[in-house]
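Asker: The primary structure of each chain is shown beneath.
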Amino acid sequence: MLFSLGRRRTPGGQGVPPGGGPEPARSEPIPTDIEAAFKLLAARFHHPRSRDITIRRFLIGGSPSQRAFVVYYEGLADAKRIEREILTPLMRVSREKRVAAGRLPEHVLDTLLPAATAKSTRAVEEVVGGVVLGDAVLVLEGGHAIVIDVKNPPTRQPEEPVTERVVRGPHMGFTESHRINTAMVRTFLHDPDLVSEQYTVGRRTMTPVSVMYISDIANPRLVEEVGRRLRSLDVDSVLDSGTLEKLIEDHPVTFVPLVLSTERPDRTAFEILHGAVAIIVGSSPRSLVVPLNFATLLHTSEDVYIRWYYASFLRVIRVSAVVIALLLPAAYLAILNFHQEMIPEQLLVVFTVARASVPFPLLANILLMELAFELIREAGLRLPSAVGPTIGIVGALLLGDMAVRSGLVTPSTVIAVSLTALASFSIPDPCTAFAVRVGRFVFIALAGLLGFYGMALGAFALMVHLAGLRSFGVPFLSPIGPWRPGSPDVILRGPTWTQEMRPIQFRPLDLIRQARYARAWDPGVPGETQAARPQSEGEDGQGKGDDA
Amino acid sequence: MIRQGHIDQAEAILVIWFAIGAKAVLNLPAAVTAHALTAGWMVVLGGGLLSLAAFLPGVLLMRRFPGLPYARAGDEAGGLVPGKIAGVVTAAFLILLSSLTLRQSAEAFVTTLLPTTPVVVIILVFALTIGYSAYAGIEALGRLVVFFVPWVVAILGLVLLGEVGMVDLRHLFPLWGRGPTAVAADMATSTSLYSEMLLLPILYPYLRRRRQAVRVGVWAILLSTALLSVVQVVIVGAFDVSNTDRLVFPLISLARFISFGRLFSRVEALVILVWIFAAAIQATALLWAVATNLAECLRLPDHRPLITPLAAVIAAAATVPAGMREVAAIDFEYVHRWGAIVAFGLPLALWFLAMVRGKRGPGASDQADESGASAQTGEGGAGKEAR
Numbered sequence: 280m281l282f283s284l285g286r287r288r289t290p291g292g293q294g295v296p297p298g299g300g301p302e303p304a305r306s307e308p309i310p311t312d313i314e315a316a317f318k319l320l321a322a323r324f325h326h327p328r329s330r331d332i333t334i335r336r337f338l339i340g341g342s343p344s345q346r347a348f349v350v351y352y353e354g355l356a357d358a359k360r361i362e363r364e365i366l367t368p369l370m371r372v373s374r375e376k377r378v379a380a381g382r383l384p385e386h387v388l389d390t391l392l393p394a395a396t397a398k399s400t401r402a403v404e405e406v407v408g409g410v411v412l413g414d415a416v417l418v419l420e421g422g423h424a425i426v427i428d429v430k431n432p433p434t435r436q437p438e439e440p441v442t443e444r445v446v447r448g449p450h451m452g453f454t455e456s457h458r459i460n461t462a463m464v465r466t467f468l469h470d471p472d473l474v475s476e477q478y479t480v481g482r483r484t485m486t487p488v489s490v491m492y493i494s495d496i497a498n499p500r501l502v503e504e505v506g507r508r509l510r511s512l513d514v515d516s517v518l519d520s521g522t523l524e525k526l527i528e529d530h531p532v533t534f535v536p537l538v539l540s541t542e543r544p545d546r547t548a549f550e551i552l553h554g555a556v557a558i559i560v561g562s563s564p565r566s567l568v569v570p571l572n573f574a575t576l577l578h579t580s581e582d583v584y585i586r587w588y589y590a591s592f593l594r595v596i597r598v599s600a601v602v603i604a605l606l607l608p609a610a611y612l613a614i615l616n617f618h619q620e621m622i623p624e625q626l627l628v629v630f631t632v633a634r635a636s637v638p639f640p641l642l643a644n645i646l647l648m649e650l651a652f653e654l655i656r657e658a659g660l661r662l663p664s665a666v667g668p669t670i671g672i673v674g675a676l677l678l679g680d681m682a683v684r685s686g687l688v689t690p691s692t693v694i695a696v697s698l699t700a701l702a703s704f705s706i707p708d709p710c711t712a713f714a715v716r717v718g719r720f721v722f723i724a725l726a727g728l729l730g731f732y733g734m735a736l737g738a739f740a741l742m743v744h745l746a747g748l749r750s751f752g753v754p755f756l757s758p759i760g761p762w763r764p765g766s767p768d769v770i771l772r773g774p775t776w777t778q779e780m781r782p783i784q785f786r787p788l789d790l791i792r793q794a795r796y797a798r799a800w801d802p803g804v805p806g807e808t809q810a811a812r813p814q815s816e817g818e819d820g821q822g823k824g825d826d827a
Numbered sequence: 003m004i005r006q007g008h009i010d011q012a013e014a015i016l017v018i019w020f021a022i023g024a025k026a027v028l029n030l031p032a033a034v035t036a037h038a039l040t041a042g043w044m045v046v047l048g049g050g051l052l053s054l055a056a057f058l059p060g061v062l063l064m065r066r067f068p069g070l071p072y073a074r075a076g077d078e079a080g081g082l083v084p085g086k087i088a089g090v091v092t093a094a095f096l097i098l099l100s101s102l103t104l105r106q107s108a109e110a111f112v113t114t115l116l117p118t119t120p121v122v123v124i125i126l127v128f129a130l131t132i133g134y135s136a137y138a139g140i141e142a143l144g145r146l147v148v149f150f151v152p153w154v155v156a157i158l159g160l161v162l163l164g165e166v167g168m169v170d171l172r173h174l175f176p177l178w179g180r181g182p183t184a185v186a187a188d189m190a191t192s193t194s195l196y197s198e199m200l201l202l203p204i205l206y207p208y209l210r211r212r213r214q215a216v217r218v219g220v221w222a223i224l225l226s227t228a229l230l231s232v233v234q235v236v237i238v239g240a241f242d243v244s245n246t247d248r249l250v251f252p253l254i255s256l257a258r259f260i261s262f263g264r265l266f267s268r269v270e271a272l273v274i275l276v277w278i279f280a281a282a283i284q285a286t287a288l289l290w291a292v293a294t295n296l297a298e299c300l301r302l303p304d305h306r307p308l309i310t311p312l313a314a315v316i317a318a319a320a321t322v323p324a325g326m327r328e329v330a331a332i333d334f335e336y337v338h339r340w341g342a343i344v345a346f347g348l349p350l351a352l353w354f355l356a357m358v359r360g361k362r363g364p365g366a367s368d369q370a371d372e373s374g375a376s377a378q379t380g381e382g383g384a385g386k387e388a389r
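Chains B and E, in that order, give the protein sequences.
Here the numbering used here is used: the first sequence runs in plain steps of one and ends on residue 827.
Here the numbering used here is used: the second sequence runs in plain steps of one and ends on residue 389.
Worth flagging that the hints you see were computed from the coordinates, not collected in a lab.
In this text, all values refer to a predicted model and were calculated from it rather than measured experimentally.
Glycine residues also receive a C-beta, built at the ideal position from the N, C-alpha and C atoms.
Treat the hints with care, since some could be wrong.
[What the hints assert, rightly or not] Beta-carbon label-pair distances, calculated as ranges:
no.: 1; chain 1: B; residue 1: P690; chain 2: E; residue 2: Y336; range: 51 to 57 Å
no.: 2; chain 1: B; residue 1: W762; chain 2: E; residue 2: V216; range: 20 to 26 Å
no.: 3; chain 1: B; residue 1: P767; chain 2: E; residue 2: G167; range: 34 to 40 Å
no.: 4; chain 1: B; residue 1: T777; chain 2: E; residue 2: P307; range: 47 to 53 Å
no.: 5; chain 1: B; residue 1: Y589; chain 2: E; residue 2: R301; range: 21 to 27 Å
no.: 6; chain 1: E; residue 1: G181; chain 2: B; residue 2: V628; range: 23 to 29 Å
no.: 7; chain 1: E; residue 1: Y336; chain 2: B; residue 2: T777; range: 52 to 58 Å
no.: 8; chain 1: B; residue 1: D515; chain 2: E; residue 2: R5; range: 32 to 38 Å
no.: 9; chain 1: E; residue 1: P307; chain 2: B; residue 2: Y589; range: 47 to 53 Å
no.: 10; chain 1: E; residue 1: P364; chain 2: B; residue 2: W762; range: 30 to 36 Å
no.: 11; chain 1: E; residue 1: Y336; chain 2: B; residue 2: Y589; range: 58 to 64 Å
no.: 12; chain 1: B; residue 1: L741; chain 2: E; residue 2: L82; range: 39 to 45 Å
no.: 13; chain 1: E; residue 1: Y336; chain 2: B; residue 2: E624; range: 41 to 47 Å
Sequences are here, hints too, so could you generate the full structure?
Answerer: This is the structure we're talking about:
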């Protein structure tokens, strides 16, 4: 069964489902006396000790006047909208207008509040939940409250993604605004079947988490499983998608990512179209996508936009980059220390002569260079951008020229480490690049001890580990291991018109993505498909004219 | 039954193919040649064809007890004491197979890759690796073989086709070697070369489509027979009988003749590098089979606690023979001569006992067998999987 994890019982938790899930715990009701309600909420929000919480008392016009107050966080809620859409309409109600006391909430909601999104509640926790998320809450006599969406959290406009830049394709990345992020996904998928369920995770952070999927594509058991994992979380905080990723992945101790993390809404939309489920986490500028296959880690969103043979070529380069970044220093060490017969004698002489003047063993040499390189990379990341390039110059001098001149390392070692560094920068997914960086040291150690034998057994154990992984019940190495036939988009990418099927390993409800002959206008497609073409196309000579 | 996920038919074929075929790179071609001379390829081929019939009782036994593992089916078929004896004998035989293969592989690695490293170190590291891999389970191993098959086939093709120019067909004559009678007798005993077919009844409960078990067995034997026969032909054709039986690892010796211009002059290390994967798959499959079968025999809820001690036992047993000659002697004189008794004879005896005693598992019709397996098809949920 694909998503059998959905049947497992887990301790009830914090995630609050939008509906369809278990009922949330009964919350304390708002006191009917407005003064008591004021005191309760003031205590709950530490007012007036906490200076950014605003509780504004006022009288609702009409006859008789009703006492009320509105509570919100300055900066999170839009004060101008509160003034315009809540206070002004309520305070300027004509004194002649008579409203039955029991019907006040409905009256306010139906006729006085021009806010687009508002809902009535009687629960303290819903009031608190709304306020901390940036809503304004209007509290009325009789224990009624109205949560009004006037959020205006600090955010920035969508910008070019930092780690997933493309030459061709949208230049837009997620921001720190949850709602803008979900909207960005919707700008790519104008489909009413694109569902966005919302959960709240983290007792203290109360992070909103949106689960997005297309209801007639995504496997319901996958959706259910995502919801089940989110609901079962019992943590006090989720500050970013990186934290949530570690909490919901199948194998939390593995070193490879089992959840795709992307800062591109178009990539997110593309994966949703495959039958995957996207998770937008609070104000994280990266979305999570599940399930994940290993091959997806080597894809970029640009692969879809450029010609298929460029995309395939680039993917081969990326696969080579993973192999080089992981194994090149280890292979270099193994050949020179254990398997010298593999290289031609002239080359061996060059290596041997160069090594003769170096005081350290080759293993120490490589480790020294790799460590220096990692230090430079880390320093470059942490330094202000104005100073960053300086590190590159220092690194080039340190790793290249000076290290060789001082006789600490051989030139061939510098070449091997430099190639490795270049390769590691070519890996598109940052988490995979981290895994490869760490794994490289393991392989260097194995090669230093046992040459190719150690490397081969290390590679075997690594492959066994990867083969045993699953991402939300889907084997990590599928569709290769286990083999599942599908459209050509695993390592090599076929032309767009061959992408007929969604990935079968995701078990989508709708497997077929496009018609077998997607280019129905093409004279080369079989006759019955050409029916979609205008009859006049061949007759009026339009095509010929274009050709001419 | 211990829950361990499932394995596709193709994956099962490849796992068994690796388990049988991995010995092609070891001493087997030399040993067969020493015994059957120029008719070695016929002996291997005939043994394979006979194995096509020999493995069937194992599948028939399992079909009588659908859903039960091999050890438990043995208990049901033969009664508690004979069943337990069969279980222990099977485990001992698989340990023997594993340790002999481990030692031969280790000797091959020492000869080719690490001449100054003690063989004990090689064995220990290998045992650690296969222990970890067996712990990951048969499902992970099944997925893994799909990745390695192209590489192994490519390297084999490189060695066998690349050196086809060295093959002199005159070296394969006289065709009948020591004579037709001797060849026929050797064919019968050489079914023991396919002793790893014992994996099939152990794998049977974990197959996604159990009704295709016969197909799995047939394909595994055909592919293995093809591999062993072709290797035998190429090696004897290239080296002649008189040289082949003196070589310890003939296929590796053959790989030494390959060169790619001036860049890579000796690639046998690369060949053995890929072959390490094949040997690791073989050893992992055998270790997993021992652990699973023994756990079922002892009615343990999980096979994984047995993996570490069994890996240690296999490693220790692999260090017992003094050298490669002793290993080859044990392998060919005992295992490859009498192994069929355990691999094929034991399932036959158990099946016969079940027939005589009228024992049959609940829902033992083909229909029930299929539905039991099909209920577990799909990707194999992580929640159900116990590895």
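Asker: Look at the Cβ atoms of B/T777 and E/P307 and judge whether their distance stays inside 47 to 53 Å.
Answerer: With Cβ atoms ~49 Å apart, the hint holds.
Asker: Given a hint of 20 to 26 Å, does the C-beta separation of B/W762 and E/V216 actually sit inside it?
Answerer: Holds, at about 21 Å.
Asker: Given the hint of 51 to 57 Å, check if B/P690 and E/Y336 actually sit that far apart at their C-beta atoms.
Answerer: holds, 56 Å
Asker: Given the hint of 32 to 38 Å, is the C-beta distance from B/D515 to E/R5 inside that range or not?
Answerer: Cβ of B/D515 to Cβ of E/R5: about 35 Å, so the range 32 to 38 Å holds.
Asker: Would you say the C-beta atoms of E/G181 and B/V628 sit inside 23 to 29 Å of each other?
Answerer: Given about 55 Å between the Cβ atoms, the range is violated.
Asker: Is 41 to 47 Å respected by the C-beta to C-beta distance linking E/Y336 and B/E624?
Answerer: Cβ of E/Y336 to Cβ of B/E624: about 45 Å, so the range 41 to 47 Å holds.
Asker: Per the hint of 34 to 40 Å, is the separation of the Cβ atoms of B/P767 and E/G167 within bounds?
Answerer: With a Cβ separation near 37 Å, B/P767 and E/G167 satisfy 34 to 40 Å, so the hint holds.
Asker: Between B/L741 and E/L82, does the C-beta distance stay in 39 to 45 Å?
Answerer: Distance hint for B/L741, E/L82 holds at roughly 43 Å.
Asker: Falls inside 47 to 53 Å, the C-beta gap from E/P307 to B/Y589?
Answerer: Given a distance of about 52 Å, which is inside 47 to 53 Å, the answer is holds.
Asker: Is it true that the C-beta distance of E/Y336 to B/Y589 lies inside 58 to 64 Å, as the hint says?
Answerer: Cβ of E/Y336 to Cβ of B/Y589: about 59 Å, so the range 58 to 64 Å holds.
Asker: Take the C-beta atom of E/Y336 and the C-beta atom of B/T777, compute their distance, and say whether it sits inside 52 to 58 Å.
Answerer: Check passed, 55 Å falls within 52 to 58 Å.
Asker: Indicate whether the distance between the beta carbons of E/P364 and B/W762 respects the range 30 to 36 Å.
Answerer: holds, 34 Å
Consistency note: the structure conflicts with the earlier hints numbered 5, 6.
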